[in-house]
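Chemist: Here is how the chains run, residue by residue.
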Amino acid sequence: MIPAQYYIVVSALLFTIGGVGFLFRRNVLVALMSIEIMLNAVNLALVAFNRTLQNAQTGQVFAFFLIAAEAAEVAVGLAIVLSLFRLHRTVQSDDVALLKN
Amino acid sequence: MAFAFAFLLSPLLVVAGGALLLMLAEAFTSKRGRGDHGDRASGLALGTTVVFAAGFAFSLGVWLGDIEAVAGADALAPWIVIDRFTIFFDGILCLGGAITSLIAGGYLPEHKLDRGEFYSLLLLSTVGAMMLAAAGDLLTVLLGLETMSIGAYAMTAFRHTSKRSAEGALKYFLLGSFASALLLYGFALLYGATGHTDLAGIGEVVKVGGTHSPMIVVALVLVLVGLAFKISAVPFHMWTPDAYEGAPTPATTYMASVVKAGGFAMLLRVLFTCFGDKASMSWSAGWPPMLAWIAVITMTVANLIAGQQESVKRMLAYSSIAHAGYLLIGVVGAMHSMPQASATVLFYLLTYMVSTAGAFGSLVLCGSRGMEAVSYEDLAGIGRRHPPAALAFSLFLISLAGIPPTAGFFGKWFVFRAAIDSGFYALTIIAFMNSVVAAYYYLRVLVFMYMREPAAGMTTSVPMRSGYVTAALLLSAILVLLLGIAPSQSLDMAIKAASIFGSS
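So the sequences go chain by chain: Y and G. Counting from 1, position 85 in the first sequence corresponds to residue 85 in the numbering used here; the numbering is continuous, with no gaps. Quick note: to get the numbering used here, add 101 to the position in the second sequence (first position is 1).
I should point out that these hints are in silico values taken from the structure, not numbers from a laboratory. Hints may contain errors.
[Stated by the list, open to error] Taking CB as the label site, the calculated pair distances span:
#  : chain 1 : residue 1 : chain 2 : residue 2 : range
1  : Y       : N27       : G       : W180      : 34 to 40 angstroms
2  : Y       : Y6        : G       : W180      : 29 to 35 angstroms
3  : G       : R553      : Y       : L29       : 42 to 48 angstroms
4  : G       : A386      : Y       : L53       : 23 to 29 angstroms
5  : Y       : R26       : G       : G471      : 48 to 54 angstroms
6  : G       : A380      : Y       : A68       : 32 to 38 angstroms
7  : G       : D167      : Y       : T90       : 55 to 61 angstroms
8  : G       : W514      : Y       : L53       : 44 to 50 angstroms
9  : G       : W384      : Y       : F64       : 53 to 59 angstroms
10 : Y       : R26       : G       : I521      : 45 to 51 angstroms
11 : G       : G471      : Y       : T90       : 25 to 31 angstroms
12 : Y       : L13       : G       : G471      : 48 to 54 angstroms
13 : Y       : A68       : G       : A557      : 57 to 63 angstroms
[Claimed, not checked] Keeping only pairs whose Cα atoms sit at most 16 angstroms apart, straight-line, the calculated EDC-like set for lysine to aspartate or glutamate is:
#  : chain 1 : residue 1 : chain 2 : residue 2
14 : G       : K264      : Y       : D94
15 : G       : K597      : G       : E169
16 : G       : K264      : Y       : E36
17 : G       : K597      : G       : E305
18 : G       : K213      : G       : D593
19 : G       : K597      : G       : D184
Just so we're clear, the structure is a prediction, and the values are computed from it rather than from any experiment. Backbone N, C-alpha and C fix where the C-beta goes; we use that ideal spot for every residue, glycine too.
Here chain Y stands alone, though its shape is the one from the complex:
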C-alpha cells in the first residue's frame, strides 16, 4: 500500500501548480481550471488524511461536500465568464480593464 504521506506530497504539488497557474496565466478559463486543481488538491489531502486517521470517515464526507460546493461555484463562474466573453469578446484578463484607479 502506498503510504499516505506520498498522497500529501502529491496534493501539495497539485496545490502549488494550481496556485502558480492562477497567478501567472492570463487566460480566464485557465485561471478557473487552476482553481479547480487547487480544490482537487484539497480533496486529495482530505481523503489521504482520512486514511491515516481511521477514527471516522469525516475527511471523505468533507470531500463529498466540497465537490458539491465546487460544482455550484463553477456553475456561477462559467456563467460570469460567458457573460464576460459576450460583452468583451475576449477571455484574456489583461484585455479586460475598464475598472482602474
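With chain Y's structure known, arrange chain G on it following the hints.
Modeler: Positioned in the frame of chain Y, the structure of chain G alone reads:
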C-alpha cells in the same frame, strides 16, 4: 426538544423559508401581465424586507429568551452552534439585508434591472452568512461561506448588459474562489494535523501540541490569508474596488455590509476557537503580530488611495477596506482582553454596517436612470437641488469618518480604547492618524455637495424619487443617530455576545 431547537434556529429558518416562498411567488406571477412588471418587483422588495424584519424580530426574541437554558440546544452541535454570538450576528445580518433590499427596491426598477432573482439571491446569500456565524465545524464554515459567496458573485454580475458589471464580477469570483481554495487547504491541513473538523476539537489539540507542529503553522498561515481575502484586507484587497465599482449599487451595499460582517463572524469564530489558546494568541509565537501588520498596512494603504479617487463609489470601496483595518485592531486587541476587545469588534461592525449601507443608499438616491451618481462632480450642488439626500449622505459620511454624535464615533472610540487598554499604543496612534486622513476624503464629498455648483454645460445627475430608498435611509439614519447618542445598550449586547469566547 425539537421544538426548543427550532426556536433557537428560527432566525435562520425564517429567512430561508421566506426565500423559498418568495422564489415561488416570483415564479408563479412572472407570466402574467408584462405591464405591471415594476409592481411585481417592488412587491418582491417589500416581501424581502418583511422576511428580513421577521428574521430580525426572531433574533431579538431568541436573544431575550434564555438561550443558555434551552434544553437540546446542542442537538446540531458541533455543526451548528447557537449562542449569543450567533444570534447577535443573525440580528445584524438581517438588518443589513433589510436595508439592502429596500435600496434594491428603489434602484432595480429605476435602472431597468427589476428581475425577481435578485431578491432570492439576496435572501439565500444572507442565509449563508447567518450559517457562517453559526458554524462550529469546518464543514459548516465551508457551506456557509460558499452559499454566501456564490450569491454575492451572482448579484455582482446582475447587470448582464454592462461590461463593468461583468468585469467586477469576474475579478470578485476569481479572487474569491482563490481565497476559498487557500482557506480550504488550510482546513484540510488542520484536519490532518489534529484529526478533528470541529473547531472546538481543533482548539483542544492546538492548545496541547500547538504552534510547534509545522503543519499547524502552515495551516494557520493559509487560513489567515484566506480570511484576509474574504474581509478584503491589504494586500489581499485587489478585487474590492473593482467589484464594488462594477456591481449594481445594491449589490455593493450587500458586499460592504452583510458579506463583510459574515467574513468577520467567520474570522472571529475560527481564530478564537481554533487558535484561541495562550500560545497561539501570544505576540511571540502566535498570529497577533501578523494581523497587527495587516491592520496597519490595510488602514494606511486604503486611506491613502481612497483620497485620490475620482469616483465616490470607488472611494467608499476603499473606505470599506480601511474599516476592515480598524476592525482588525479590535481583533488584535483581543490578545490581552478577550471578551472586551472582541465585543468592540461586534459593536464596530454594527455601526459600520448601518453607516456604509446608508452611504451607498444615499449615492443611489442622488442618481437616476442613465445618470448614476458616481463621481464627485456628479454630486456638485446636490445640497441645493436635493437637500434631504444631501443631508442623509452627510450624516452617513460623518459617521464613517467617526465624528460625534454619530454611531461611527463610538465604534472607533470603543475599539481604540480597547486597544489602549491592551497596551497597543503605537497601533492606536496609527489608527487615529488614519481616521484623520480619512476625514479628508469623506468631508470632500460634503464640500462638493454644498459648496460647488456643477460646471456650466455639464449634464447633472437628477436625483431619483423612491419610497423604498427613502425608507432605507430613514432606517439607517435613525440607527446611526441612536447608536451615536445611546450606544451603551447595544454595546452591552455585544459584550454578552462576545463573552462566549471566555477570558484567556
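Chemist: Does each hint fit the structure? Answer for all of them.
Modeler: Evaluation of the provided hints:
{"no.": "1", "hint": "Y:N27 - G:W180: 34 to 40 angstroms", "in the structure": "holds, 39 angstroms"}
{"no.": "2", "hint": "Y:Y6 - G:W180: 29 to 35 angstroms", "in the structure": "holds, 32 angstroms"}
{"no.": "3", "hint": "G:R553 - Y:L29: 42 to 48 angstroms", "in the structure": "holds, 46 angstroms"}
{"no.": "4", "hint": "G:A386 - Y:L53: 23 to 29 angstroms", "in the structure": "holds, 26 angstroms"}
{"no.": "5", "hint": "Y:R26 - G:G471: 48 to 54 angstroms", "in the structure": "violated, 33 angstroms"}
{"no.": "6", "hint": "G:A380 - Y:A68: 32 to 38 angstroms", "in the structure": "holds, 36 angstroms"}
{"no.": "7", "hint": "G:D167 - Y:T90: 55 to 61 angstroms", "in the structure": "holds, 59 angstroms"}
{"no.": "8", "hint": "G:W514 - Y:L53: 44 to 50 angstroms", "in the structure": "holds, 47 angstroms"}
{"no.": "9", "hint": "G:W384 - Y:F64: 53 to 59 angstroms", "in the structure": "violated, 40 angstroms"}
{"no.": "10", "hint": "Y:R26 - G:I521: 45 to 51 angstroms", "in the structure": "holds, 47 angstroms"}
{"no.": "11", "hint": "G:G471 - Y:T90: 25 to 31 angstroms", "in the structure": "holds, 26 angstroms"}
{"no.": "12", "hint": "Y:L13 - G:G471: 48 to 54 angstroms", "in the structure": "holds, 52 angstroms"}
{"no.": "13", "hint": "Y:A68 - G:A557: 57 to 63 angstroms", "in the structure": "holds, 59 angstroms"}
{"no.": "14", "hint": "G:K264 - Y:D94", "in the structure": "holds, 14 angstroms"}
{"no.": "15", "hint": "G:K597 - G:E169", "in the structure": "holds, 12 angstroms"}
{"no.": "16", "hint": "G:K264 - Y:E36", "in the structure": "violated, 25 angstroms"}
{"no.": "17", "hint": "G:K597 - G:E305", "in the structure": "violated, 24 angstroms"}
{"no.": "18", "hint": "G:K213 - G:D593", "in the structure": "violated, 43 angstroms"}
{"no.": "19", "hint": "G:K597 - G:D184", "in the structure": "holds, 10 angstroms"}
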